[in-house]
Amino acid sequence: MDLNTKLPSQLIDNLHENEKLKATSRHLRGNISNGLDNPLTGAVPGDDHLLMKFHGVYQQDDRDLRNERRQRYLENLFQFMVRLRIPGGVLTKDQWHGLDILSRRFAERGIRITTRQTIQFHGIRKRKLRALMQGIHNLGLDTIAACGDDNRGVVCGANPSLSALNKQVNELAKETSNRLIPKTGAYSEIWYQKPTVKTDNEEPIYGDLYLPRKFKVGYAIPPINDIDVYGQDVGYIAIIENGALTGFNVCVGGGMGQLDARTDSYPRLADLIGFIEADKAPRLAETIMTIQRDFGDRIDRHRARFKYTLDRLGLDWFNNELTARFGETLGLPRPFKFEQNGDKLGWHQADDGLWHTTIYIENGRIDGALRDQLSGFFQFYGGRIRLTTNQNLQLTHIADYEKSQIQSRLDDLDLLWRLTPHHQANHLLSCVALPTCGLAMAEAERYMPRLLDLFERLKARHGVNDIPITIRLTGCPNGCARPYLGEIALTGRAPGLYNLYLGGSFHGDRLATLYASNIDEETFSILLSPLLEHYSNERLTNEHFGDFLVRQKLLDSQCTSVNLGNPNV
Numbered sequence: 003m004d005l006n007t008k009l010p011s012q013l014i015d016n017l018h019e020n021e022k023l024k025a026t027s028r029h030l031r032g033n034i035s036n037g038l039d040n041p042l043t044g045a046v047p048g049d050d051h052l053l054m055k056f057h058g059v060y061q062q063d064d065r066d067l068r069n070e071r072r073q074r075y076l077e078n079l080f081q082f083m084v085r086l087r088i089p090g091g092v093l094t095k096d097q098w099h100g101l102d103i104l105s106r107r108f109a110e111r112g113i114r115i116t117t118r119q120t121i122q123f124h125g126i127r128k129r130k131l132r133a134l135m136q137g138i139h140n141l142g143l144d145t146i147a148a149c150g151d152d153n154r155g156v157v158c159g160a161n162p163s164l165s166a167l168n169k170q171v172n173e174l175a176k177e178t179s180n181r182l183i184p185k186t187g188a189y190s191e192i193w194y195q196k197p198t199v200k201t202d203n204e205e206p207i208y209g210d211l212y213l214p215r216k217f218k219v220g221y222a223i224p225p226i227n228d229i230d231v232y233g234q235d236v237g238y239i240a241i242i243e244n245g246a247l248t249g250f251n252v253c254v255g256g257g258m259g260q261l262d263a264r265t266d267s268y269p270r271l272a273d274l275i276g277f278i279e280a281d282k283a284p285r286l287a288e289t290i291m292t293i294q295r296d297f298g299d300r301i302d303r304h305r306a307r308f309k310y311t312l313d314r315l316g317l318d319w320f321n322n323e324l325t326a327r328f329g330e331t332l333g334l335p336r337p338f339k340f341e342q343n344g345d346k347l348g349w350h351q352a353d354d355g356l357w358h359t360t361i362y363i364e365n366g367r368i369d370g371a372l373r374d375q376l377s378g379f380f381q382f383y384g385g386r387i388r389l390t391t392n393q394n395l396q397l398t399h400i401a402d403y404e405k406s407q408i409q410s411r412l413d414d415l416d417l418l419w420r421l422t423p424h425h426q427a428n429h430l431l432s433c434v435a436l437p438t439c440g441l442a443m444a445e446a447e448r449y450m451p452r453l454l455d456l457f458e459r460l461k462a463r464h465g466v467n468d469i470p471i472t473i474r475l476t477g478c479p480n481g482c483a484r485p486y487l488g489e490i491a492l493t494g495r496a497p498g499l500y501n502l503y504l505g506g507s508f509h510g511d512r513l514a515t516l517y518a519s520n521i522d523e524e525t526f527s528i529l530l531s532p533l534l535e536h537y538s539n540e541r542l543t544n545e546h547f548g549d550f551l552v553r554q555k556l557l558d559s560q561c562t563s564v565n566l567g568n569p570n571v
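Yeah, the sequence shown ends on 571 if you go by my numbering, and it's all consecutive.
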């Protein structure tokens, strides 16, 4: 069945409700415009809030105030989250300045750098949405496909020592993103109020039903796996020979989300399937996405992710289908090595003589004094900006003569310490969770500072406080902060209760194992303390915590590392 063509109504009736909504949405138009103009509610009526996700907009409400407002017979305090599409996370100084202004004018919770290397604005009221979207457009940016059943924003890692290669890979990430975004005119019509010419083939790639679920593509540049490439639906690992990009190893089928209530729900590492020349990567990503478009599960929505399609139909079937559609067979994977999946701290000089450094941002949240400090800094900054998938802010393309000036300016603004935060702080990720995420069952971002303090005290007690350990914290099992790849991860189950996962790889190439369920903060300390004591006394030289737990078989169930074709694993 070719889902790129219009399906008969009797077939659509057998699909999930979301598929029916997409089929009748007139390519994501729905009644969104009328809902935005309705002054009687702060929400968008009906199911149009589901269609708005394709436009990069989530309808939310302040869950801290739900009960109080209901007691006063008021509707929920509806607000919206807007997520930008920023392939590779690269921004100009002027774009950052413009986004800062927009956040002050329209957002109630500042700026948030996300684990998908982009920016989210939280707390946008409905009446301000169009003005915000038009302001984003005026900066040369957009939000299309930042959410929804489509290809999400393409992430791209960095190797600070290789300037030309970084640029080349980032351009491919941008080309991939532009190639895979929906082509519907609904976006311009609704947000810019510009009429478009409708055609019989308005969505040449997606068709009427778009994808069964979200689809994620990422580019990694060894030896840094900052994007967690094995958690991507399609992951590209740059192969560098004599300082030049020769192509990419290709891995497919990664995914973090799961439902604790279903035994057929699980996170999955991507499989390494071959090698492709660099210029063919965007077209290959499109080909793989069309396979998922045509064969992904459109009845059981939870099983609709690409990882489940691969497990249902098999990797041999997929490789044959890919060869038939792409027109050629992939080459054999080539050797590579990952050393870490966090951002590099301190100053680093690239092969072109220019400098790079990273400003640490707690949980990616930029608000209050920090927003003012960064605003003052960027008024005099002449380099470029890059967001990272670890929720930090990189300063790039800095000349020798500018470096000392930037150091002094950062020091004056009390930002200099952020270039070299404590190692542990730089290896944390959290999702937004409460109070705005409708899926959150427990705290994440707001709890992370307390968790960090607790964990640092535990590490100091056992003499390992200078050894970084990756920690991921999410308010639910869905995996927005990639928890199942952390050496330690907590996923929310209820207020104050989490599932504890242990044994992921510091390099991001092994899944963690469920160690304990429904634990509170006290139990977390009780469980971690003896493991850290063992680690302190028995670890090998340069052995990471997750590797130690697996080697010593300290986990209740065996956590085995999957050979992903990397000869260094």
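Since the hints were derived computationally from the structure, they do not count as laboratory data. As the structure is a prediction and not an experimental result, all values here were calculated from the model. Heads up, some of the hints might be wrong.
[Stated by the list, open to error] Using 27 Å as the maximum straight-line C-alpha spacing, the simulated DSS-like pairs for lysine-lysine come out as follows: (1) Lys95 <-> Lys130; (2) Lys22 <-> Lys282; (3) Lys185 <-> Lys282; (4) Lys196 <-> Lys282; (5) Lys346 <-> Lys95; (6) Lys176 <-> Lys55; (7) Lys196 <-> Lys176; (8) Lys405 <-> Lys200; (9) Lys200 <-> Lys22; (10) Lys216 <-> Lys55; (11) Lys339 <-> Lys95; (12) Lys185 <-> Lys130; (13) Lys169 <-> Lys95; (14) Lys185 <-> Lys339; (15) Lys169 <-> Lys55; (16) Lys176 <-> Lys282; (17) Lys339 <-> Lys555; (18) Lys196 <-> Lys185; (19) Lys95 <-> Lys200; (20) Lys128 <-> Lys176; (21) Lys22 <-> Lys176; (22) Lys282 <-> Lys169; (23) Lys339 <-> Lys282; (24) Lys128 <-> Lys216; (25) Lys346 <-> Lys169; (26) Lys22 <-> Lys169.
Quick rundown of the hints versus the structure:
A hinted pair counts as satisfied when its Cα atoms are at most 27 Å apart, and Lys95 with Lys130 qualifies at roughly 25 Å. Under the criterion of a C-alpha separation no larger than 27 Å, the hint pairing Lys22 with Lys282 is inconsistent with the structure, at around 34 Å. Between Lys185 and Lys282 the alpha-carbon distance is near 21 Å, which keeps this suggested pair within the 27 Å criterion. Only pairs whose Cα atoms come within 27 Å are accepted, and Lys196 paired with Lys282 is rejected, the gap being roughly 34 Å.
About 22 Å separates the Cα atoms of Lys346 and Lys95, which keeps this hinted pair within 27 Å; it holds. Distance check on the hinted pair: Lys176 and Lys55 sit about 21 Å apart at the alpha-carbon level, within 27 Å; holds. With a C-alpha separation of about 25 Å, the suggested pair Lys196 and Lys176 falls inside the 27 Å cut-off, and the hint holds. Using a Cα cut-off of 27 Å, the hinted pair Lys405 and Lys200 is violated, with the two alpha carbons roughly 51 Å apart.
With a CA separation close to 21 Å, the supplied pair Lys200 and Lys22 stays within the 27 Å bound. With a C-alpha separation of about 11 Å, the suggested pairing of Lys216 with Lys55 holds against the 27 Å cut-off. Pair hint Lys339 plus Lys95 does not hold up; C-alpha atoms about 33 Å apart against a cutoff of 27 Å. Straight-line distance between C-alpha atoms of Lys185 and Lys130 comes to about 25 Å, which keeps the hinted pair within the 27 Å bound.
With a CA separation close to 17 Å, the supplied pair Lys169 and Lys95 stays within the 27 Å bound. Restraint check: the Cα-Cα separation between Lys185 and Lys339 comes to about 38 Å, which exceeds 27 Å; the hinted pair is violated. Simply put, Lys169 and Lys55 have alpha-carbon atoms about 30 Å apart, too far for the 27 Å limit, and the pair is violated. Restraint check: the Cα-Cα separation between Lys176 and Lys282 comes to about 14 Å, which is no more than 27 Å; the hinted pair holds.
Annotation: proposed proximity of Lys339 to Lys555 holds, straight-line Cα distance about 25 Å (limit 27 Å). A hinted pair counts as satisfied when its Cα atoms are at most 27 Å apart, and Lys196 with Lys185 qualifies at roughly 15 Å. Taken as a hint, the Lys95 and Lys200 pair is broken in the structure, with Cα atoms around 36 Å apart against an allowance of 27 Å. Distance restraint check for Lys128 and Lys176: the Cα-Cα separation of roughly 30 Å exceeds the 27 Å cut-off, and the hinted pair is therefore not satisfied.
Taking the CA atoms of Lys22 and Lys176, the gap is about 31 Å. The hint is violated against a cut of 27 Å. Proximity of Lys282 to Lys169 is assessed by CA-CA distance (about 17 Å); at most 27 Å being required, the pair is judged to hold. Under the criterion of a C-alpha separation no larger than 27 Å, the hint pairing Lys339 with Lys282 is consistent with the structure, at around 23 Å. Proposed proximity of Lys128 and Lys216 is supported: the alpha carbons are some 25 Å apart, at most 27 Å.
Taking the CA atoms of Lys346 and Lys169, the gap is near 18 Å; set against the 27 Å cutoff, the hint holds. For the hint pairing Lys22 with Lys169, the CA-to-CA distance comes to about 41 Å; that exceeds 27 Å, so the pair is violated.
Hint check: violations occur at hints 2, 4, 8, 11, 14, 15, 19, 20, 21 and 26; the rest are consistent with the structure.
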